[in-house]
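Starting from the known structure of chain R, fit chains G, A and L onto it as the hints suggest.
Quick note, the sequences are listed as chains R, G, A and L, same order. In terms of the working numbering, the first sequence opens at residue 1 and continues consecutively. In terms of the working numbering, the second sequence opens at residue 1 and continues consecutively. In terms of the working numbering, the third sequence opens at residue 1 and continues consecutively. In terms of the working numbering, the fourth sequence opens at residue 1 and continues consecutively.
I should point out that these hints are in silico values taken from the structure, not numbers from a laboratory. Hints are not guaranteed to be accurate.
Since the list gives no way to pick one copy over another, a pair counts as held whenever it fits inside one copy or between any two copies.
What the hints assert, rightly or not - The calculated BS3-like cross-link candidates involving lysine-lysine, where the alpha carbons are at most 30 Å apart (straight line), are:
{"hint": "1", "residue 1": "Lys263", "residue 2": "Lys137"}
{"hint": "2", "residue 1": "Lys274", "residue 2": "Lys199"}
{"hint": "3", "residue 1": "Lys199", "residue 2": "Lys137"}
{"hint": "4", "residue 1": "Lys88", "residue 2": "Lys297"}
{"hint": "5", "residue 1": "Lys273", "residue 2": "Lys199"}
{"hint": "6", "residue 1": "Lys137", "residue 2": "Lys297"}
{"hint": "7", "residue 1": "Lys273", "residue 2": "Lys297"}
{"hint": "8", "residue 1": "Lys273", "residue 2": "Lys137"}
{"hint": "9", "residue 1": "Lys297", "residue 2": "Lys199"}
{"hint": "10", "residue 1": "Lys297", "residue 2": "Lys274"}
Listed below, chain by chain, are the residues.
Protein chains: 4
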Amino acid sequence: MTIRIGVIGTGMIGEEHSRRITKTLTDAEIVAVSDVNLDQAHAMIDRLGLDATVYETGQALIEADNVDAVLVTSWGQTHEEYVLAAIKAGRYVFCEKPLATTAEGCQRIMDAEMAAGRRLVQVGFMRRYDHGYNLLKDTMDAGNLGQALMIHAAHRNPTVPERYVTPMAIHDTLIHELDTFRWLLDDEYASAQVAFSQKTRHAHSEVRDPQLVLLETTRGTRIDVEVFVNCQYGYDIQCTVVGEEGIAHLPEPQSLTLRQAGKRSNEILQDWKKRFDDAFNTELQGFIHDAQAGALKGPSSWDGFAAAVAGDACVKAQESGQVEPVSMPDRPDFYR
Amino acid sequence: MTIRIGVIGTGMIGEEHSRRITKTLTDAEIVAVSDVNLDQAHAMIDRLGLDATVYETGQALIEADNVDAVLVTSWGQTHEEYVLAAIKAGRYVFCEKPLATTAEGCQRIMDAEMAAGRRLVQVGFMRRYDHGYNLLKDTMDAGNLGQALMIHAAHRNPTVPERYVTPMAIHDTLIHELDTFRWLLDDEYASAQVAFSQKTRHAHSEVRDPQLVLLETTRGTRIDVEVFVNCQYGYDIQCTVVGEEGIAHLPEPQSLTLRQAGKRSNEILQDWKKRFDDAFNTELQGFIHDAQAGALKGPSSWDGFAAAVAGDACVKAQESGQVEPVSMPDRPDFYR
Amino acid sequence: MTIRIGVIGTGMIGEEHSRRITKTLTDAEIVAVSDVNLDQAHAMIDRLGLDATVYETGQALIEADNVDAVLVTSWGQTHEEYVLAAIKAGRYVFCEKPLATTAEGCQRIMDAEMAAGRRLVQVGFMRRYDHGYNLLKDTMDAGNLGQALMIHAAHRNPTVPERYVTPMAIHDTLIHELDTFRWLLDDEYASAQVAFSQKTRHAHSEVRDPQLVLLETTRGTRIDVEVFVNCQYGYDIQCTVVGEEGIAHLPEPQSLTLRQAGKRSNEILQDWKKRFDDAFNTELQGFIHDAQAGALKGPSSWDGFAAAVAGDACVKAQESGQVEPVSMPDRPDFYR
Amino acid sequence: MTIRIGVIGTGMIGEEHSRRITKTLTDAEIVAVSDVNLDQAHAMIDRLGLDATVYETGQALIEADNVDAVLVTSWGQTHEEYVLAAIKAGRYVFCEKPLATTAEGCQRIMDAEMAAGRRLVQVGFMRRYDHGYNLLKDTMDAGNLGQALMIHAAHRNPTVPERYVTPMAIHDTLIHELDTFRWLLDDEYASAQVAFSQKTRHAHSEVRDPQLVLLETTRGTRIDVEVFVNCQYGYDIQCTVVGEEGIAHLPEPQSLTLRQAGKRSNEILQDWKKRFDDAFNTELQGFIHDAQAGALKGPSSWDGFAAAVAGDACVKAQESGQVEPVSMPDRPDFYR
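In isolation and in its complexed conformation, chain R is listed as follows (with noise of 0.2 Å):
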């Protein structure tokens, strides 16, 4: 059975995904679109050459009877509304993060979840599907390193836009890393802590950069992450797990060694699209046979949720210079 999807939002993110649903994945086809920019959503139509309908609303697409699936790839302060809509309607739902901007709303739709009483929602959190990554949680959970003590990262993009505020760099970028150490220590966060380092000149004024978060987890792993968001360079993730028993390094992103003009070296990515590229095939993939399955086992609202309250932490601890806990609920059975 072809999954038959609908598509919330034809940007940049919006439009990869119906590409690479229609040209590159298997069991999935785009039945209906929308967008806030009708004109927009009809011109991603003609580039892929999609047989689809275009809806005036997300709510209409929603409630559209040919959609099994509806991927929301719109504006993140619209997230909460469609995947509400979409619990409502009895559709699965990919949302790209964040499930909500606040964490108030990600409980809200996990309760919509609740009560829709199986699970229909998926958070775009496709480190999960890195391979790289796989292979570090694979060592992880086959006990080769012992207990995870610390973890070490980096999340370095070349420059961001001027639009770019000093807390976007939790709910924007460090955002991936916060669920990322969830999944791979299988463990919540107790505390977070920022330290603002000198700011790089290449940083505008709205941007303090670049800052060490230092997170907690309730097993007492400690994390630092550096986030550096204008480092000139590249982009650039790093994660290094310190445990009782070894230490595992996250692979580079395969390349070319040369050697050329008095260096031997390493081309290193600019674009954290192509970083990811193969991780995005992998989760949409994995959403699609779930849906296929009936029975989705992807990132959950729980973990749209947790990412969400540790986001907050984190915003506050820029502020206040300060630890602050992280105050997680229980985790209902539900999301077990």
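Below, chains G, A and L alone, put in the same frame as chain R:
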């Protein structure tokens, strides 16, 4: 239009390809299966949950009305016969290497294909679809290395079975390099030489191992390939291109870096199927999409023929200990 | 002019230094030896074949007419006393860390040295002489990285003995980093914080291990150092400098790359003495040549004092769990 | 006992060795200097601040009463004459390569040394003292790789001057590999072959570059060496030993890893003197200490002879394009 595929030969590689067409790739389905062992054909259909007809002979399968394309993954000795039949029936055919067991057989296939007036045959040289090799080719084609002066390469397997004899180091092992270097360099071979070292104690009595194969191309690129099929430690493919303006090394497969027990280490793969798993996917997806578009672009009968001619010279060089010429006819315009 | 050296303390490091002065370095000879255990002093003289006088006390050795310079490699508690005596006697003195066990003791040494009117003291911070660290400092001093924004570092030992207690992670282990970062950055510390992770099962009861030490400098460079003294796998020193214009990593010690048994691996050293063997040679040769030239240039009493002040703040931070200020007086002109 | 050294030839390498003996090494001093250009000899004495006598001829220097050992760093054509004179005078002699410009000349030196009844000659094959090569030899000698089956090597220089002609690729460049492999393998050569690739556009008209030298040893180890003296990008020495039980790669020189401008890179050295600076120190210090002990242990006249014989076969192979035998006489017991 979904491409309907018939599979002749349901051994290991036949089943792996069938699985990827069914589970991973898009735009194709397996509708017909044949094997000398009909039970094995039925068993594969069951394992993969296919809705496919079993044919008693490859010939019958090829002639089935609902077969658009044929996958030849049977015993090498039978390839020529099935490929010729597919051409005759006007079917696209993807043939695992070797295209035929002799250069003459490859020539007969080319003759038939040229008579048919359009490209119907793709040969299973999957390395052309490997991400790392493509990084290498891209940088060469962009002129970053200048003229390629030398290639240093190695093809290492952990062990080989008792039935593996010395000429198989060429026909079964080096064959991939023979195609890859032609493709990387866009050049043909001029001569071949083989030098045997002291034999490893891990080689059984019927195989001289390792050996160093030396090739020269018509433009004067010098290539040395270590073929070592009892290296014990893993499946390891190395390729370094020495150019006028710099040197490039094929990337290692992605792996964790571990610090443990006095070592900083990365795992080396043991299994060639894992090494080229992504390449197999890309290769077959390309074949499917090219068949949809009605124009094959992958490795052609000419490529199969050229590898066979070079392989024959290498085997002759194994026996003679001399530099043996590689005599290639002019490339027909049909294959340009 | 050969520098005639008296050695106070013939334990492991004392004998190693004596050996290198005698067998490897130039322009110095050991003419006097002292130890609380006179038998051990005699035994070292025999093992190294020295033509040296044994003195019953360090004081007597310092006052010997034929001693130009003194090497203090005795128990840390005695360093201050011997260094003060050497200054009083007008002898050059190379003192292994710590210069004194308290910041006050270091202050007394500085006062005496300033009163003497010339630099007589070098402290054994050998990392400043390590080839890798010098590559790092050279590229920083050349401005290649721009302003240093962060340093990520790790100091890992395979195991520590039962007598190693938590504050020793600062005084005996981190002390080298505390000096090294000051030197790399040409800056002083402003604050210190220590965060403990879950304790490794390999640590004995009296040491909390590992820990993450966070330092801030007066110019706002943020430093995190993992101190992990029961990491099991080896002696491993990591240092990454994150600058405005790029990032540099301290090189790994040189080692073979092996392909064997399914792994591509490099050996990790187990012994800190091997890690810094070349640095020890360069350090002591520098001391000898500077003593010949009559002008010490190596790490000074001020450097020993600064490391002690920062170390005290770190130990306080271990106990308080808070961010502790590092209160440094102004640097005397004498030490500029 | 300080070894008193006379230096014949004060060109670049002569002055570098004089400097290291004077400034870095222990237990030797330079007491005598000679050069065809006496002004140059005096100038070096001034630059290094030596207390040394200038002799008008190498012969006179060799016969000076206060000279214990002679360093021959003059023009290659004169080496044989000075080494023979040093043997006659009973002086230890360290001779830069070549020992003599012909195998016959080397034979005459061996005859004289055997007649003298003790080893007086060490040849300047400094790679035997390189840390990386010693790691390689140690692991081979420990049996970790099993029998050595193949060696893949490269010797690359950025550029060569106009006076560098094709045979110099053997006599001046490959000569170091010719000695190194004999030492690593404890074996002698049986045959040599040279294959030229297409010539790089960066080579001037009198040198064919690059070339691939193929060697076989008496035990059947196969060696391929790329000699590429206009590679542009740096001075780069590669060596990989393929053994029955595993493979080992010579380490790269230690360097910073930088992340900058879209690349992760390490600097490649440009200057062979920097590449082997430590090895030169160890080599000469070894010569000095062996001369003190009255028993030379470094590369002998036999090693100089063996490299010359193999080099002659390689040059013959350059010209003939054929596999050329390397005819070595039996090794005299004197050199075992």
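Going down the list of hints, with the structure as the test:
1. Lys263 - Lys137: Intra 34 Å, inter 19 Å, cutoff 30 Å: inter-copy only.
2. Lys274 - Lys199: within (28 Å within a copy, 38 Å between copies)
3. Lys199 - Lys137: Between copies only: 21 Å across chains, 34 Å inside a chain, cut-off 30 Å.
4. Lys88 - Lys297: within (20 Å within a copy, 48 Å between copies)
5. Lys273 - Lys199: The answer is within: 27 Å in one copy meets 30 Å, while 38 Å across copies does not.
6. Lys137 - Lys297: within (16 Å within a copy, 39 Å between copies)
7. Lys273 - Lys297: both (23 Å within a copy, 28 Å between copies)
8. Lys273 - Lys137: The answer is both: 22 Å in one copy and 23 Å across copies each meet 30 Å.
9. Lys297 - Lys199: neither (41 Å within a copy, 33 Å between copies)
10. Lys297 - Lys274: both (25 Å within a copy, 25 Å between copies)
Checked against the numbered hints above, the structure violates only hint 9.
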